[in-house]
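Hey, can you piece these two chains together into the complex? The hints should help.
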Amino acid sequence: MFMRMLKNAVLSLAVLTVLTGIIYPVAVTVISQAVFPARADGSIIMKDGKPVGSALLGQQFDRPEYFWGRPSATSPYPYNGAASSGSNLGPNNPALIEDVQSRINALHAADPGNHAPIPVDLVTSSGSGLDPDISPAAALYQAARVARARGLALAQVLALVRENTAGRFLGLFGEPSVNVLKLNLALDGIKKQS
Amino acid sequence: MSGNDVLQAVAYFVVLVVLAKPLGLFMARVYEGRPTFISRVLGPVERLFYRLCGIQPEEEMGWKQYALAVLLFSAAGVFVVYLLQRIQGVLPLDPQRFPAVAPDLSFNTAISFVTNTNWQNYGGESTMSYLTQMAALAVQNFASAAAGMAVLVALIRGFKRHSASTIGNFWTDMTRSVVYILLPLSVLYAFLLVSQGVVQSFDKYKTVALIQPVTYETPRLDVHGNPVKDAKGNPVMEKDRVMDQTIPLGPAASQVAIKQLGTNGGGFFNANSAHPLENPTPLSNFLECLAILLIPSALCLTFGDMVGDRRQGWALLIAMLLVLAPLTLVCTKAEQAGNPHFASMGIDQAASALQPGGNMEGKEVRNGIAGSTIWAAWTTAASNGSVNSMHDSYTALGGMIPMLLIQFGEVIFGGVGSGLYGMIIFAIITVFVAGLMVGRTPEYLGKKIEVFEMKMAAFVVLIVNGLIKTGTALAVSTKAGVAGISNPGPHGFSEVLYAFSSFAGNNGSAFAGLNGNSFFYNTIGGVLMFLGRFWVIIPVLAIAGSLAKKKHVPAGLGTLPTHTPLFVIFLIGVIVIVGALAFMPSLALGPIAEMFTH
Chain S
96 MFMRMLKNAV
106 LSLAVLTVLT
116 GIIYPVAVTV
126 ISQAVFPARA
136 DGSIIMKDGK
146 PVGSALLGQQ
156 FDRPEYFWGR
166 PSATSPYPYN
176 GAASSGSNLG
186 PNNPALIEDV
196 QSRINALHAA
206 DPGNHAPIPV
216 DLVTSSGSGL
226 DPDISPAAAL
236 YQAARVARAR
246 GLALAQVLAL
256 VRENTAGRFL
266 GLFGEPSVNV
276 LKLNLALDGI
286 KKQS
Chain G
11 MSGNDVLQAV
21 AYFVVLVVLA
31 KPLGLFMARV
41 YEGRPTFISR
51 VLGPVERLFY
61 RLCGIQPEEE
71 MGWKQYALAV
81 LLFSAAGVFV
91 VYLLQRIQGV
101 LPLDPQRFPA
111 VAPDLSFNTA
121 ISFVTNTNWQ
131 NYGGESTMSY
141 LTQMAALAVQ
151 NFASAAAGMA
161 VLVALIRGFK
171 RHSASTIGNF
181 WTDMTRSVVY
191 ILLPLSVLYA
201 FLLVSQGVVQ
211 SFDKYKTVAL
221 IQPVTYETPR
231 LDVHGNPVKD
241 AKGNPVMEKD
251 RVMDQTIPLG
261 PAASQVAIKQ
271 LGTNGGGFFN
281 ANSAHPLENP
291 TPLSNFLECL
301 AILLIPSALC
311 LTFGDMVGDR
321 RQGWALLIAM
331 LLVLAPLTLV
341 CTKAEQAGNP
351 HFASMGIDQA
361 ASALQPGGNM
371 EGKEVRNGIA
381 GSTIWAAWTT
391 AASNGSVNSM
401 HDSYTALGGM
411 IPMLLIQFGE
421 VIFGGVGSGL
431 YGMIIFAIIT
441 VFVAGLMVGR
451 TPEYLGKKIE
461 VFEMKMAAFV
471 VLIVNGLIKT
481 GTALAVSTKA
491 GVAGISNPGP
501 HGFSEVLYAF
511 SSFAGNNGSA
521 FAGLNGNSFF
531 YNTIGGVLMF
541 LGRFWVIIPV
551 LAIAGSLAKK
561 KHVPAGLGTL
571 PTHTPLFVIF
581 LIGVIVIVGA
591 LAFMPSLALG
601 PIAEMFTH
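Protein chains in written order, with the numbering used here: chain S, 96 to 289; chain G, 11 to 608.
Hints listed in this document are in silico derivations from the structure and should not be mistaken for laboratory results.
The reader is advised that the hints may include incorrect statements.
Subject to a maximum C-alpha distance of 30 Å in a straight line, what follows is the list of computed DSSO-like cross-link-like pairs (lysine-lysine) [to be verified]: (1) G/Lys560 - G/Lys458; (2) G/Lys489 - G/Lys479; (3) S/Lys102 - G/Lys74; (4) G/Lys343 - G/Lys458; (5) G/Lys458 - G/Lys31; (6) G/Lys560 - S/Lys277; (7) S/Lys145 - G/Lys216; (8) G/Lys170 - G/Lys489; (9) G/Lys249 - G/Lys216; (10) G/Lys458 - G/Lys559; (11) G/Lys559 - G/Lys242; (12) S/Lys277 - G/Lys249; (13) G/Lys249 - S/Lys145; (14) G/Lys214 - S/Lys277; (15) S/Lys142 - G/Lys216; (16) G/Lys465 - G/Lys561; (17) S/Lys142 - G/Lys214; (18) G/Lys170 - G/Lys561; (19) G/Lys343 - G/Lys465; (20) G/Lys465 - S/Lys102; (21) G/Lys249 - S/Lys142; (22) S/Lys145 - G/Lys74; (23) G/Lys74 - G/Lys489; (24) G/Lys170 - G/Lys559.
Just chain G, same shape as in the assembly (with noise of 0.2 Å):
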């Protein structure tokens, strides 16, 4: 690792830690309906919101209630999404002239955004029309970004009231999430990174005549479009020449604005945020990667605000870093180190003040190692999924960290809002462990945890869990599965479980050289993708409810304070074993596999 790496990662913290507070604080005004420096002018927007879809804001819910307007917004989006699909060849903003997109593409897609996983089988230039990106792909973006949000703002309610049978209402929670949240900071990017020369054009896909003609071989076709064989079998090649390139346009900065912000990850183009176009300079690459991180974080500190105990906040946030940094660095330091294989090859890996080195395979010079690996791991800690490097051709180890983090359950930061309510859970789990070593009833924020509140944060945990290693050991044992994977050995098999990890998680990045683009992994990626969203949203929710009907139990002698260094340490600890332990065996069949082999 040189030292650039060191302070690169150093200074990306940093500013993080420092941006957090503010905005923290700021949403927990927002959300609390209290005034904001921004209010005289958004409040009109909300307003006029709430009057035009005939919303209540005052009007409160139930947990059930809640979970069901959840769960009717996300099939509304799910419907229009895969329709949008269906139709855009008939559709205006079409310049390059799509045609619909298949059936079982178009539904993988559909949940794929609306349960903030972004998962894509497709490549955005060469398959989706302008109006489906923006009509039907970004406004997802800010829905189920603001949906998770909301199912936050309740769960903390429900520490926060006492003696209540509701908690809040979502139409109001997520209209504020989009009106004074997501869109102002989204508009704000979208210039910063229009300045740095991401696309933002209606026009068509532009042509320019190359300077140096390309000639390649292609495989001869026979008139059905099938390769011509010779003798042996083996594909007879015709050379080709191509005289221009395609320079791909489209509203690209407004949709990479809230890809980032909103932990969706879903690229404008196929190369997601390695594309020049998508992130041309290195500072665009540090903006757009702060973007990952920024909600996420600074929801801690509104969680503290909002429970009126500031200490909390920083306790999650704290123990997301401390599994966080270190982890970036080990990812930095493997991929710094290079690809062994190239050592005798008279190839020059030394990072210097002339070239990054290390292993570039599948990076952008411009990020260089430090610039797409701190990117690697953020993206993975929160289930955001954009990618600036190929992580399919990172290193054992550090392919490893990328997965690993993913694993531990999207609570290392994780989507916004749902990355927090899970961290939430599992500090229930840990107060609970706690409880059990004293013989005391456990308590979190005043309210005492019970039989049922311990059930539904098991199935949480229990349910992402299941689904990744079901999925994987089906994917493994089909010929259908089998068949996607593209890399020989164990890393054939990372491909699968990072796949699978990522659908369950809602995350969204691949090991990309699997082909997903299947009817099988179209299909039951689709499934697990709402599975590993909503059979976790409703638990937490019911959650919310529960603790809302509960009294305020004040602190006592026997109380495990939930500030304190001892508890984050211990919090890292449940998350270690229960999160991320229980991948042990089939990372041994993968990364760690790989790392032994030549």
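Bound-form chain S, shown alone (with noise of 0.2 Å):
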């Protein structure tokens, strides 16, 4: 009676990897890869032609002419892909605090006129690491000093920041979101026109 049940055993572990390990995993990569291309590939952004990031994952930025993301605790460095991963730091941990004081000054420096206080989400490091979104708080924020670096009119400014803000699913779930990587290329392309 062992050895059946042994064999039993390891026949539908068998017939479970090749079904639910190979068959239908591939089933779905082939209907997706013909339905939703893009999305199943990472959503990718193209400009001239040429791959410059995900619509989804978040880059760095510290120049005063680009919009900033999240912070990021990616190791080595940030919004590194491949490696995703949050500081895991506690409330009380010292090493936060420094971290969050010192992105504060950071901001202070890049624009000093800018006395507001700071939506939290841009001195706190992402979940991912990968965070591709900021508040729309986050985004006024920094609109005068990306428009000032810029020489635009913040009122040219702040309407790319609206276009590029995606409110909650069924206005409900989630929450209202910037996309900074869009956002940025589409104050890049403003340049190219002038």
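Pasting the structure below:
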């Protein structure tokens, strides 16, 4: 009886492996690649025929003429797409307070006249280290700096922020968000026209 | 807490309860072998499965035979998952050319996935080949979930049958779980997730040129790869520059679907469902979170239907909801209040139409506070363990809620199958306590609860409890255990307590700052996950076998009805006292102490 049961166990694992480990993912891939090719392949954004990023993954920006995204705790450098990670710092950890203070200082250094309270998502690192979004408040906080650095009218920058803001799903689920990479690409697009 | 936070939570719970009933009744039909609306399509698949594996679907098993089948099936799984990790370097579908996984890590991962825990001491996108993800890990997502559901169905048969020596056939129950329930739901979910942007591809990782190259500092290394230090002993830093970004790919959507539905929780990527390619939009977040509790809640109604009194199923489901709903709101409120240290730093943490506010460290903007905290509560109530925010960075109170929910013994929803059989054990203990009060032999669902059942039930409750505390004590009193801690003060203790709760409760989430990829945590974690799973399954099946033998006793005047509000409240009381109160002293050393330190 034991041997028969062992045979059943090994065979059912083997059949399960073929069914759920090979047929299932391969079938889902084939159909997904046919129906949603761009999304299944990472939602890549093309510019001048070259891939410049994924609409779903953030990139590091720290020049004044770009909108900055969430701080990223990936190692060894921020927004490392090959090693997603959060900081995992506890709320009382002095290292967290130190990191947040240095981010505040960097924001103030880039925009010395701005004394408004800083939206919290702009100084805390994201869960994945690859968050593509900031809150609309975090974008508005930076808009004047970006406009000044680029010599653009504030209204023009604010219009771009609005264009790149997504609302809640059904007005209820999730949070309004601004896609930083798309917004910055749109800004670079303006520069070329002038 | 903002109005939207509360509305989101209400919406999540309402949709869950609405979907639970039809799915629950459908599953009851499946396990009883009655025809369903998809039997015409899937019936041939089921029969082919039996033919290929030499299974006689009508053959009945006693409880010992049933337990042996579960153990052999799981042992084969551990062996295959271990082996595939060890030889992935020479197998196909490894476009990133990842080498073999280390032996201790492979051991930990194998036990972790076979026991439905999915604790991860590795980062998926930097460790596992596509083949390992698909053919080892995702297969166990199906297999371990199906095994848990099968054991539950066997226990239900114990109540249903009388004067019987058998409790069903494991192979049949397992096969039906996969073919009719897990696989069809996963296919549906996988396509929904790809439509939102979850990747599903066999290509190698893409590389894109960054808009703004990144300059960063890194320790200078000598020829042996050790950091060079200056005269003061500080590491010498040098500047480095990155010009491009890696976009990881892989068959993620198909795996994310089952890891959410099967209460597995093992992320395709390191950041789990915080990763934008694993959970890209508010809609995907809602769907993935819903999937965590979908099957566990529906199984309550499957149970009620199969024992012939649907009110029994509702009573257990309502007890679970009454515990989870308030704790979800407490967690949301704590996180929305934000980090008190930031108040004096010129940071705006107030929720408004323009920002989520609150404690955003370790959280994603698109999920905000409510979308993160509802998930945190649900994933720990269920023994899912996937995360969409980093629990380690939660406030003291906000982080205590997920830990407490694990320590309830993973019976507030719990794992698919395993949660409900745990809950039924608590119901047995509850009727026993009630029986003691009035001096009558306790009954549950027409079966007398006697010495053997009580011994086994007590064993189930004590074993998980004992494993968590013994493990934690061992870790904090050894150098190897303390070495894994990353945060100072009481929070560091919380990391360890959370880890051992997660191991023994088969949850799989973590206060992830703890460095678990060491020989100590890999081995002790593996052993605890194994005991936390199978030392519960065996006594549960023993109870099933013992109950099946007994005659039905008709309900009399002295029978305690088990579908009333009174019973629900009494049951919650027993769970809180037996399951959770036992952890108060240890929680006092961790999160509670943290609340009073700054």
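Comparing the hints with the structure gives:
1. G/Lys560 - G/Lys458: Judged against 30 Å, a Cα distance of about 8 Å means the pair holds.
2. G/Lys489 - G/Lys479: Since the Cα atoms of G/Lys489 and G/Lys479 sit roughly 17 Å apart, the hinted pair holds (cutoff 30 Å).
3. S/Lys102 - G/Lys74: holds (17 Å)
4. G/Lys343 - G/Lys458: violated (44 Å)
5. G/Lys458 - G/Lys31: With a Cα-Cα distance of about 29 Å, the restraint between G/Lys458 and G/Lys31 holds, given a limit of 30 Å.
6. G/Lys560 - S/Lys277: violated (67 Å)
7. S/Lys145 - G/Lys216: With Cα atoms ~12 Å apart, S/Lys145 and G/Lys216 stay inside 30 Å; holds.
8. G/Lys170 - G/Lys489: Outside the cut-off at roughly 51 Å; violated.
9. G/Lys249 - G/Lys216: holds (25 Å)
10. G/Lys458 - G/Lys559: Distance of about 11 Å is within 30 Å: holds.
11. G/Lys559 - G/Lys242: With Cα atoms ~75 Å apart, G/Lys559 and G/Lys242 exceed 30 Å; violated.
12. S/Lys277 - G/Lys249: Since the Cα atoms of S/Lys277 and G/Lys249 sit roughly 28 Å apart, the hinted pair holds (cutoff 30 Å).
13. G/Lys249 - S/Lys145: holds (28 Å)
14. G/Lys214 - S/Lys277: Since the Cα atoms of G/Lys214 and S/Lys277 sit roughly 24 Å apart, the hinted pair holds (cutoff 30 Å).
15. S/Lys142 - G/Lys216: Holds, because 15 Å separates the two Cα atoms, which is no more than 30 Å.
16. G/Lys465 - G/Lys561: holds (20 Å)
17. S/Lys142 - G/Lys214: The hint holds at about 21 Å.
18. G/Lys170 - G/Lys561: holds (10 Å)
19. G/Lys343 - G/Lys465: Cα-Cα ~40 Å, so violated.
20. G/Lys465 - S/Lys102: violated (33 Å)
21. G/Lys249 - S/Lys142: It holds: about 29 Å lies between the C-alpha atoms, which stays within 30 Å.
22. S/Lys145 - G/Lys74: Violated, at about 62 Å.
23. G/Lys74 - G/Lys489: Not OK: G/Lys74 and G/Lys489 at ~41 Å, beyond 30 Å, violated.
24. G/Lys170 - G/Lys559: holds (10 Å)
Hints 4, 6, 8, 11, 19, 20, 22 and 23, counting from the list given before, are not met by this structure.
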